[in-house]
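J.: Each chain, letter by letter, is given below.
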Amino acid sequence: MPAKLILSMDGAVIKEYPLTKERTTIGRKPHNDIVIDNLAVSSEHAAVITILNDSFFEDLNSTNGSLVNGAPAMKHFLQNNDVIEIGKYKLKYLNDQPTQTTAADFEKTLVLRAPVRQSAAPATAGGAQGAKYESTTHFNATATKVEPKPVAPAAATVATVTPLAVIQILNGPNLGKEMELSKNLTTLGKPGVQVAVLARRPHGYFITHVEGGSFPTVNGSSIGEQPHQLNDHDVIELAGIKMEFYLKA
Amino acid sequence: MNTNEALEIVGQTNPGMVRSHNEDSITFDVNYGLAVLADGMGGYNAGEVASGIAVSVLSSEIRHRLDAARPEQKEAGTGDEIGFALLRDNVRKANLSIFNAAQSQPQYAGMGTTIVAGLFYDNRVVVAHVGDSRLYRLRGETFETITRDHSLLQEQIDSGVISKEMARLSKNKNLVTRAVGIDAEVEPEVHGYDVAVGDIYLFCSDGLNDMVEDEDIGATIQMLQGNLALAASQLIEQANDNGGRDNVSVILVKVKASYPAPRGWWAKLLSWFRN
Chain A
1 MPAKLILSMD GAVIKEYPLT KERTTIGRKP HNDIVIDNLA VSSEHAAVIT
51 ILNDSFFEDL NSTNGSLVNG APAMKHFLQN NDVIEIGKYK LKYLNDQPTQ
101 TTAADFEKTL VLRAPVRQSA APATAGGAQG AKYESTTHFN ATATKVEPKP
151 VAPAAATVAT VTPLAVIQIL NGPNLGKEME LSKNLTTLGK PGVQVAVLAR
201 RPHGYFITHV EGGSFPTVNG SSIGEQPHQL NDHDVIELAG IKMEFYLKA
Chain B
1 MNTNEALEIV GQTNPGMVRS HNEDSITFDV NYGLAVLADG MGGYNAGEVA
51 SGIAVSVLSS EIRHRLDAAR PEQKEAGTGD EIGFALLRDN VRKANLSIFN
101 AAQSQPQYAG MGTTIVAGLF YDNRVVVAHV GDSRLYRLRG ETFETITRDH
151 SLLQEQIDSG VISKEMARLS KNKNLVTRAV GIDAEVEPEV HGYDVAVGDI
201 YLFCSDGLND MVEDEDIGAT IQMLQGNLAL AASQLIEQAN DNGGRDNVSV
251 ILVKVKASYP APRGWWAKLL SWFRN
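If you're matching them up, the sequences are chains A and B in order. Every letter in the first sequence is one number past the one before it in this note's numbering, and letter 227, counting from 1, is 227. Every letter in the second sequence is one number past the one before it in this note's numbering, and letter 18, counting from 1, is 18.
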């Protein structure tokens with residue numbers, strides 16, 4: 001089903017426009033695809049460029065401007081349920097095509113045989129806009145590092161479902177030190193001597209031997225080469241260092 | 001040093017969490033410094049057939065040819081380096097055999113595959129690719145893509161229609177602009193890169209990079225470089241933990257030592273006898 005724009009004023013729906021054309025124009029003059037006969041609307045006010053399943057809104061230097069989701073916009077990469085405002089009129093963008101990385105029904109790869117024409121497409125969607133979107137999916141792991149970095153929406157899902165766990169050192173010079181396991185993977189030990197990795201997964205934490213002559217032990221027994229699931233208050237020993245694994249309440 | 005001593009190669013392929021069968025195919029051979037990964041598409045089992053043909057054509061033809069010639073030598077007719085020519089010509093050969101199979105058998109109509117293939121020789125990697133399967137490189141702290149996808153989204157990024165950050169929101173993922181076996185002819189992209197000791201190369205299908213962010217892929221490889229097999233299985237596990245919506249395949253190649261081509265009189269004599 002193609003994406004569509006629903007034109008309304010004061011909450012009353014006026015008409016639906018399927019976005020079947022590469023370029024759908026909006027304006028006061030009758031040659032536009034979406035005609036809004038109102039003096040606040042420029043004769044050629046705006047256009048929506050549609051490339052397969054993606055649509056981009058572009059204000060054509062209109063006299064009174066356009067709002068997208070309440071903010072003035074010249075160019076905007078439309079997402080499902082975005083609302084474009086032109087004067088007193090609202091155009092709601094609906095695209096219920098699932099985004100392929102979030103839908104269960106993942107679309108198969110398709111081949112485009114002829115390159116899609118690019119000429120009518122709007123120029124760059126700016127980095128500032130990109131950052132704006134980023135923040136909506138930003139997941140802030142309670143990490144040891146504080147520098148902000150864009151976090152993957154996909155990766156964030158893992159961390160949100162698994163409770164945070166901590167490793168506390170039980171002997172040696174770092175006695176009492178704690179380390180939060182906020183990342184997907186955390187390595188323990190000394191490279192070249194003995195290294196193990198702790199993986200934070202949707203169904204819990206797993207420790208796996210990476211390198212070194214001997215395997216780490218959990219509660220006194222060697223874990224071998226296979227991943228070993230950790231339980232609350234397990235004691236890990238690795239390269240002579242003992243540490244306790246526990247879940248943060 | 002030969003590639004079988006200088007390189008370590010591991011590979012894994014997995015159907016993922018949603019798909020019933022695996023349409024990816026991989027192969028690698030450390031003796032020839034060769035790695036090939038293909039992500040097939042098409043109904044029923046046609047995707048598997050296409051990627052299987054591509055991988056077997058490349059691996060058998062290239063190995064056969066390298067039994068009699070060195071990849072850094074020039075081809076007699078064209079003057080092209082044999083390594084480059086082997087990748088380019090055999091992607092075309094695979095293209096033709098998939099295309100012909102699809103033409104002659106209705107159940108295979110429209111099948112095709114992506115491909116990314118690397119040949120490591122003379123302290124270099126030469127890589128050929130078609131479609132959106134990728135080669136990445138970890139060098140020191142830097143993890144980056146070496147190949148550029150032949151996809152609508154990459155074209156849109158290149159022409160400024162959409163920014164890299166916004167591309168994540170696009171509903172036009174998985175639209176490739178080139179594939180092997182769809183038309184009678186295909187133009188593979190072939191480039192050569194110098195390698196450094198310590199580099200780790202990742203060949204992967206989009207089932208990995210669509211499910212796991214580049215940053216996390218790079219961090220995983222860097223952390224687990226002491227155990228390449230574990231790094232490969234952790235990458236697949238992460239893709240599956242994040243939903244595993246597609247088949248996922250990885251080949252990791254670690255450069256442990258330099259592997260210059262033999263250049264002494266002895267090597268020349270040997271190759272003269274071989275020819």
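Worth double-checking, as some hints may not be accurate.
[Unchecked claim] Distance condition first, Cα-Cα at most 20 angstroms in a straight line; then the derived SDA-like pairs of lysine to any residue:
id, chain 1, residue 1, chain 2, residue 2
1, A, 190, B, 219
2, B, 164, A, 79
3, B, 173, A, 49
4, B, 173, A, 183
5, B, 173, A, 56
6, B, 256, A, 192
7, B, 164, A, 88
8, A, 4, B, 169
9, A, 190, B, 169
10, A, 190, B, 157
11, B, 256, A, 211
12, A, 88, A, 6
13, A, 75, B, 222
14, A, 183, B, 219
15, B, 173, A, 6
16, A, 183, B, 225
17, A, 92, B, 227
18, A, 190, A, 211
19, A, 75, B, 79
20, B, 173, A, 96
21, A, 190, B, 140
22, B, 254, A, 94
23, A, 183, B, 222
24, A, 190, B, 141
No lab work stands behind these hints: they were computed from the structure.
J.: Next, verify each hint and record whether it holds.
T.: Hints, verified against the model:
1. A:190 to B:219: holds (17 angstroms)
2. B:164 to A:79: holds (16 angstroms)
3. B:173 to A:49: holds (18 angstroms)
4. B:173 to A:183: The hint is violated at about 27 angstroms.
5. B:173 to A:56: holds (16 angstroms)
6. B:256 to A:192: Judged against 20 angstroms, a Cα distance of about 15 angstroms means the pair holds.
7. B:164 to A:88: violated (34 angstroms)
8. A:4 to B:169: holds (18 angstroms)
9. A:190 to B:169: violated (40 angstroms)
10. A:190 to B:157: Distance of about 41 angstroms is beyond 20 angstroms: violated.
11. B:256 to A:211: holds (16 angstroms)
12. A:88 to A:6: Holds: residue 88 (chain A) and residue 6 (chain A) sit about 14 angstroms apart, inside 20 angstroms.
13. A:75 to B:222: Not OK: residue 75 (chain A) and residue 222 (chain B) at ~39 angstroms, beyond 20 angstroms, violated.
14. A:183 to B:219: holds (10 angstroms)
15. B:173 to A:6: Distance ~26 angstroms between residue 173 (chain B) and residue 6 (chain A) Cα, so the pair is violated.
16. A:183 to B:225: Measuring from Cα to Cα gives roughly 17 angstroms; hence the hint holds.
17. A:92 to B:227: Given that 20 angstroms is the threshold and the Cα spacing comes to 52 angstroms, the pair is violated.
18. A:190 to A:211: holds (9 angstroms)
19. A:75 to B:79: Cα-Cα ~50 angstroms, so violated.
20. B:173 to A:96: holds (16 angstroms)
21. A:190 to B:140: Within the cut-off at roughly 18 angstroms; holds.
22. B:254 to A:94: Outside the cut-off at roughly 47 angstroms; violated.
23. A:183 to B:222: holds (14 angstroms)
24. A:190 to B:141: Roughly 18 angstroms between the alpha carbons, so the hint for residue 190 (chain A) and residue 141 (chain B) holds.
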